[in-house]
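In the order they appear, the protein sequences are chains A and B.
Mind the numbering: the first sequence is residues 1 to 338 in the working numbering, read in order.
Mind the numbering: the second sequence is residues 1001 to 1278 in the working numbering, read in order.
Calculated from the structure, these hints are not laboratory results.
Just to be clear, a hint being listed does not mean it is correct.
As the list claims (entries may be wrong) - Which residues of chain B face chain A? A few of them, derived with a C-beta cut under 8 Å, are: (1) 1116; (2) 1128; (3) 1129; (4) 1208; (5) 1217; (6) 1231; (7) 1239; (8) 1256; (9) 1257; (10) 1264.
Beta carbons: idealized from backbone N, C-alpha and C, even for Gly.
Read off the chains here:
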Amino acid sequence: MTRYVIRRVALALVVVTGVVILTFVIAGVVPGDPAATWAGPHASAAQVARARQYLGLNEPLPVRITRYFGGILTGDWGVSVHTHNPVLSDIGTAAPATIELVIAALIIGAAAGIPLGLAAARWPGSILDHVIRVGSVLGVSMPVFWLALILQLVFAQRLRMLPVAGQYDPNLMFSHPLVTRTQMPVVDSLISGNWPMLGSTLSHLILPALVVATYPAGVVARITRAQLLDTLGETHVQMVRSLGFPERTVVGTFAMKLAWNPVAAILALVFAYSLVNTFLVESIFDWPGLGSYAAASVATLDTPAIAGITLFVAIVYVALNLVVDLVQAALDPRIRLS
Amino acid sequence: MIRLLKANQLITAGGLIVLLIFVVAVFAPLLAPYPADAGSATHPENALLAPSLTHLFGTDQVGRDVFSRVLYGARISPVIALVVLLLACAAGVPLGVAAGYFGGAADEVIMRVTDVFLAFPSLLLALAFVAVLPASLTVVTIAIAITWWPWYARLIRGQAASVAGRPYVEACRALGIPRWRILLRHVLPNSVTPLIVQVSLDAGGVILTISALSFLGLGAQDPVPEWGLMVAEGENYFTTGWWLVTFPGLAILITALAFNLLGDGLRDALDPRRLPAR
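Put together the whole structure using the sequences plus the hints.
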């Protein structure tokens, strides 16, 4: 196990190094001449040359990469052009709202996807199976930004059942002020026992979370069904069946036991994809998280912020992958010995 | 056998819709009631009309027929998706074959590079590239291809590595057949089936990525009738003109769904391990 852990962590470090190099390319090399951008459209050649000197672009590439690495490691991720704050502190401020949204979406996705996958595998080939399969394909084919607009129009603007946007009703701040500790409004109102505020935050969370949940729900239903169908053919499951256990127990307990591992793994990976989907959804719902920050950075051509978010999401993705692999290896000797 | 037929239903349904989309793309000028509206034509007197018999999907903020624009949209993202996948295969397949067949240092280097690229969710990396470059569909095409090739390199590598050790490939080597010929005639054909499945599964994802980038203002620019851009433009008039967002978005959904159904069906039909034991 130790050998596996060392190898796996080393691989993750190699990947993160590559990720940093790639974001360096995006931030510093791809956008043509950063010095010209910095100096502005009407700058003279001398001003561009001064900017080049100031930005350190005259130095050889290895020096620039080393400096970039040093900055990343010491927490200097550059300064955002549109907020004028350090990128890392912007990300720190925006991340909790997005994490709350994505976790809510994953909970919905798993709560819908796992039972649907179970039902489909319980009666394979039935009408129900077909409906669930097409439904899961529908979930992964959904343009989330479109679904967000449609749900907002139907449930918020036409039916007036749910709030249009935001994280909570601002009027409640007068009667039941929200004490912010984690920057996650639902969690904050829950730990401070602020029930009216909790109701408001939950009702604001429903639509964006449902939209972000479509992709995870589709993926989880698909994986659960495929895994169950694979394991249902195996001898130990056949044996349980021949012992006379009801089909419900055979599928739900014995076959599902083997399916949990891949389902949990896929949830961790879908987390990163959902983070990126918030880029398309948050600004529609005025959700003050990473997605809104990313959309604003894109709109203002804020290269340091774009590179910073890219790096942040990639590191989260690599870290989650690492955790999933290590947990799976701890549970399943076949993985760590192969 | 029943299972194969069931899988074929998916292939038939998905395949028919995909076919229909390409027919629409080819014959858009004949099918669209107002072909000029796919471009920069404006009819301010017709702005924001609700769907009716003269304008099936209504009109947009400058009076263009949304139905015509949605039809012309079939010429944008589905075609770009094809180019993206061709580019991704053109880069990924040779690298994958090289890594899988030769192994050793080449394999190690190529696979670590794919690891780095796969550490980004595909939309994220494409978005980062497109965001720092001038917005255009050419940039979008290249950026998405850059994020997608590693999947093909890995897929083909696995196939090539498993074929490379088989007795018939060793026999070829023993017969003194040149390396490139073994690769081309014996290793590559064995990888084609999973490649086709993967390409049709990915087409849906690529179309979603293109439309998402255009929605963020990073891809197609007005007056190009790209579906994601049409959704973004309609967002401002959405409370009064529901049709502006609804129909282009449905076109994205149906196209992505068709490719995914086709890919799912093909995977079931072509992969014998997917047949359940009973």
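> What are the numbers of the hints that this structure violates, sorted from low to high?
Replying inline: none
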